[in-house]
Amino acid sequence: MFQFIFRRLSLVIPTFIGITLLTFTLIHMIPGDPIEVMAGERGVSPERHAELSAQLGLDKPLYEQYFHYVVGIAQGDLGQSLVTREPVMNEFLTLFPATVELAICAAIFAILVGLPAGIFAAVKRGTVLDHSVMTLSLTGYSMPIFWWALLLMLVFSVTLGWTPVSGRIDVVYWIDNTTGFMLIDSWLSGEEGAFKSAVSHLILPSIVLGTIPMAVIARMTRSSMLEVLSEDYIRTARAKGIAPWRVIVIHALRNALIPVITVIGLQVGTLLSGAILTETVFAWPGIGKWLIESISRRDYPVVQGGILIVATIIIVVNLLVDIAYGVVNPRIRHNR
Amino acid sequence: MSLLQLENLSVTFGNFRAVDNISYKLEEGEVLGIVGESGSGKSVSSLSVMGLIDFPGKVGANQLTFAGQDLQAMPEKQRRKLTGSDIAMIFQDPMTSLNPCFSVGYQIIEALKTHQGGSKKALKQRAIELLTQVGIPAPESRLNNYPHQLSGGMSQRVMIAMAIACNPRLLIADEPTTALDVTIQAQIIDLLIELQRKKKMGLVLITHDLALVAEVAHRVIVMYAGQIVESGPAAEVFRTPKHPYTQALLASLPESSSGKARLEALPGVVPGQYDRPQGCLLSPRCPYAQEQCHKVEPDNQGPLDRQVKCHTPLDSEGRPAA
Ligand SMILES: Nc1ncnc2c1ncn2[C@@H]1O[C@H](COP(=O)(O)OP(=O)(O)O)[C@@H](O)[C@H]1O
Ligand SMILES: [Mg+2]
Numbered sequence: 135m136f137q138f139i140f141r142r143l144s145l146v147i148p149t150f151i152g153i154t155l156l157t158f159t160l161i162h163m164i165p166g167d168p169i170e171v172m173a174g175e176r177g178v179s180p181e182r183h184a185e186l187s188a189q190l191g192l193d194k195p196l197y198e199q200y201f202h203y204v205v206g207i208a209q210g211d212l213g214q215s216l217v218t219r220e221p222v223m224n225e226f227l228t229l230f231p232a233t234v235e236l237a238i239c240a241a242i243f244a245i246l247v248g249l250p251a252g253i254f255a256a257v258k259r260g261t262v263l264d265h266s267v268m269t270l271s272l273t274g275y276s277m278p279i280f281w282w283a284l285l286l287m288l289v290f291s292v293t294l295g296w297t298p299v300s301g302r303i304d305v306v307y308w309i310d311n312t313t314g315f316m317l318i319d320s321w322l323s324g325e326e327g328a329f330k331s332a333v334s335h336l337i338l339p340s341i342v343l344g345t346i347p348m349a350v351i352a353r354m355t356r357s358s359m360l361e362v363l364s365e366d367y368i369r370t371a372r373a374k375g376i377a378p379w380r381v382i383v384i385h386a387l388r389n390a391l392i393p394v395i396t397v398i399g400l401q402v403g404t405l406l407s408g409a410i411l412t413e414t415v416f417a418w419p420g421i422g423k424w425l426i427e428s429i430s431r432r433d434y435p436v437v438q439g440g441i442l443i444v445a446t447i448i449i450v451v452n453l454l455v456d457i458a459y460g461v462v463n464p465r466i467r468h469n470r
Numbered sequence: 481m482s483l484l485q486l487e488n489l490s491v492t493f494g495n496f497r498a499v500d501n502i503s504y505k506l507e508e509g510e511v512l513g514i515v516g517e518s519g520s521g522k523s524v525s526s527l528s529v530m531g532l533i534d535f536p537g538k539v540g541a542n543q544l545t546f547a548g549q550d551l552q553a554m555p556e557k558q559r560r561k562l563t564g565s566d567i568a569m570i571f572q573d574p575m576t577s578l579n580p581c582f583s584v585g586y587q588i589i590e591a592l593k594t595h596q597g598g599s600k601k602a603l604k605q606r607a608i609e610l611l612t613q614v615g616i617p618a619p620e621s622r623l624n625n626y627p628h629q630l631s632g633g634m635s636q637r638v639m640i641a642m643a644i645a646c647n648p649r650l651l652i653a654d655e656p657t658t659a660l661d662v663t664i665q666a667q668i669i670d671l672l673i674e675l676q677r678k679k680k681m682g683l684v685l686i687t688h689d690l691a692l693v694a695e696v697a698h699r700v701i702v703m704y705a706g707q708i709v710e711s712g713p714a715a716e717v718f719r720t721p722k723h724p725y726t727q728a729l730l731a732s733l734p735e736s737s738s739g740k741a742r743l744e745a746l747p748g749v750v751p752g753q754y755d756r757p758q759g760c761l762l763s764p765r766c767p768y769a770q771e772q773c774h775k776v777e778p779d780n781q782g783p784l785d786r787q788v789k790c791h792t793p794l795d796s797e798g799r800p801a802a
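Those protein sequence lines, which keep their order, are chains P and A.
Take 135 as the starting number for the first sequence in my numbering and just add one per residue.
Take 481 as the starting number for the second sequence in my numbering and just add one per residue.
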């Protein structure tokens, strides 16, 4: 097992180098630079531009800038935002809890709906229930996030007025930032209605962000269950005379979950990338919105640093998934 | 009262009759051999006794009783109480028949817990006893093993331990040695027979091994394309087969004097869903087939304990009746 973890870790360094190179190149390929963007339509004189460039270190050749950036990373320094002059890491840490909160709620929604839907579809294969689950999940999977978000907002926020349109909590509340998670902070604040407001703000974004993972989980669970249900050991379990629910939940599900767990883990990438659009639509103050804004401001260190952190998170989660995989699957636990 | 009695049992998948009106009886403590090529309905008929035929498969019978209890009429829940306790089954491929996610101990204890219950300690003790009974060395440490850590023979022993956990009165063994090494096969059969005698179980032994059936079975049923073509006391059926199919099966044995390969003895395969012939189902492959064989399905002939389904049953010389 340790050997296996080390082997996986050794792949991490080349991956990081690839990511830094890619983000650095791409962000510098976008026309315009931070100074022009900040100056806006007023424009900026060439002398002033040169002066500011020198100040920000943007006058150096690109390879030198890249080198400087990588050396910084190696020392644990992601640089400062060109706009706010705040360290990238600080900004990230301030905003990250909002994204995590949203992603966790979306994941819970996806698992709570996707897993049972997949199981039912498999057990009732070929029935109307099965076809409906499959059709809905295919629809969910192909739904553009932007459009889906606006549709839900139109129906539930604008027409029915059940949920708020944007933000994390109603503006009438002033919540101390204790944990960074609004659900917890609003609960701790003890202010009447604050928690409820936080929950209602989370519902739509969670559904929007969780829809694609939910569809993926439902389909994967179904196909995995179908495969497992036709296995010989399921027949053995039934031959023991145990109750049908036990055959499904204990004997089939345990085996069927092995590939599903991998898929759930892979959804972390989907959640973080989906958060970018979702946060933008719902004005959710997380890292997705932060990254989009920093791209439009050409805030190079923020874009590079932000993407690097997100990539790190995805890599770590995938590693954890592999380990969890070994825990549920005795064949792997013993062989490695 | 017989232990197991079926009368005109059929299993259909859509309009395909995988099992076609078979009838047989099994007495307490009796060994019944079922032989026939792959696809002749041996497994499906046994699974229907276990109640394990799934939708869209349909089971129908004039009678299907276990120790006088009507298996078809009883509610599902009551039937499950019999399945795995009074009626148990082991399968062809032991390596895939155990759940890879659970330890040997868990799977045996689950069988015990379902039907008998008891304290954790007592259950574990009983599981160790069972593993000892099926000849597994160091049973206590084996309880924590996972199926992938066991050999095929070992897995089949665990399957047997699970099947006999609740002292069944009827054990169905569906080709229990087909997937095992030749050297292991005899050990497993010896174990099964020993347990059958000790516990006085009824045993349905499904196998390709005719010599084995001749040796251990009291009675034998020969199945072809979902039908029983011949049945009777094992020794008699093998000494003087009355059905051309039984004769051909015997001729394909390596030790038979003719020494012909199987295909030579009887060219072709068991008809499936789409190529069922008219008349006698064996007629396209039968060396003795006459005109009426291709048109009219034969009836069962002979006394109840020695039946044959053929227009021209073979005489004691192995020649068809005129
Ligand atoms: N679930 C099923 N659906 C459709 N046909 C089946 C099913 N199970 C078995 N059959 C068919 O029933 C016939 C008998 O199969 P089986 O009892 O497994 O044969 P045997 O055990 O004698 O080799 C075969 O033609 C097989 O294809
Ligand atoms: Mg079979």
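Simulated from the structure, these hints should not be mistaken for laboratory data.
Any given hint could be a false lead.
Listed below are the simulated BS3-like cross-link pairs for lysine-lysine, each with C-alpha atoms no more than 25 Å apart in a straight line [unchecked claim]:
1. A:Lys505 with A:Lys678
2. P:Lys258 with A:Lys604
3. A:Lys604 with A:Lys593
4. A:Lys600 with A:Lys680
5. A:Lys680 with A:Lys505
6. P:Lys258 with A:Lys538
DEER-style ranges, computed between Cβ atoms [unchecked claim]:
7. P:Trp379 with A:Gln770: 36 to 44 Å
8. A:Ser621 with P:Phe140: 29 to 37 Å
9. A:Lys593 with P:Ser276: 43 to 51 Å
10. P:Thr446 with A:Glu609: 52 to 60 Å
11. P:Trp379 with A:Lys678: 34 to 42 Å
12. A:Thr658 with P:Ile139: 39 to 47 Å
Taking beta-carbon pairs under 10 Å as the criterion, some of the chain A residues facing chain P (in silico) [as the list claims (entries may be wrong)]:
13. Arg560
14. Pro580
15. Leu623
16. Met639
17. Pro800
Even glycine gets a Cβ: it sits at the ideal position worked out from N, Cα and C.
| task | Any hints from earlier that this structure breaks? Give me their numbers in increasing order, please. | result | Result: hints 2, 4, 7, 15, 17 break, sorted rising.
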